[in-house]
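Enquirer: Sequence:
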Amino acid sequence: MASEYRKSHYRFILVFMLFLCAMSIMLTIGAVRNTRQVHAVETYNEIYEIKKVFLKNTVQNMVRTIENLYQFHTRTGELYRDRLFTDIDRLYAYNPVRFATRARELLVDTNYGDSLFIRFTDTRDNTELYSLGSPDPESSQTRTWDRFALTIGISSKWIDERTVAAVR
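In this text, residue positions in the sequence shown follow this note's numbering: the first is 2, and each later residue adds one.
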């Protein structure tokens, strides 16, 4: 009877151990599935956040590049304007008597094209001696020599076109 009792006891222990092993395997499989789902969701969220930050940085860099190009073309226009004023100053210093004729010739021969608005006038009788482009009062500067006035402005349309062309 003792041996029968032991056999029954061993069978119970064996069944109990198999039950525990089966439960452990099922819990492990469930935990792995749950972990896989949680990991997939977290990975998706992390990738989404990285993409958002990347897109934000890309847009900020592009805006910064456009602003830098706009400033560069604005400074280029200012440089053109200042050079032209310097050339006209030299003409007046060299020969004030023939200043109007020489200044007009210089303005006609300039290759600044559509980058500048130029208006050269005789202030005594208010006649326009030379004109190029449409006025842009924001960027215009005027200098006078005796009775002559020269107004030069930077074309905002030219700045915009150059900036857009550089971005493309």
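I should point out that these hints are in silico values taken from the structure, not numbers from a laboratory.
There could be a bad hint or two in this list.
[Stated by the list, open to error] Calculated cross-link-like contacts (lysine to any residue; reagent style SDA-like; alpha-carbon spacing at most 25 angstroms): (1) K158 with E139; (2) K158 with T102; (3) K158 with K57; (4) K158 with V60; (5) K57 with I67.
Enquirer: Indicate, hint by hint, whether the structure satisfies it.
Expert: Outcome of the hint check:
For the hint pairing K158 with E139, the CA-to-CA distance comes to about 12 angstroms; that is within 25 angstroms, so the pair holds. Only pairs whose Cα atoms come within 25 angstroms are accepted, and K158 paired with T102 is rejected, the gap being roughly 30 angstroms. Only pairs whose Cα atoms come within 25 angstroms are accepted, and K158 paired with K57 is rejected, the gap being roughly 29 angstroms. Simply put, K158 and V60 have alpha-carbon atoms about 24 angstroms apart, close enough for the 25 angstroms limit, and the pair holds.
Proposed proximity of K57 and I67 is supported: the alpha carbons are some 15 angstroms apart, at most 25 angstroms.
Hint violations for this structure: numbers 2, 3, all remaining hints satisfied.
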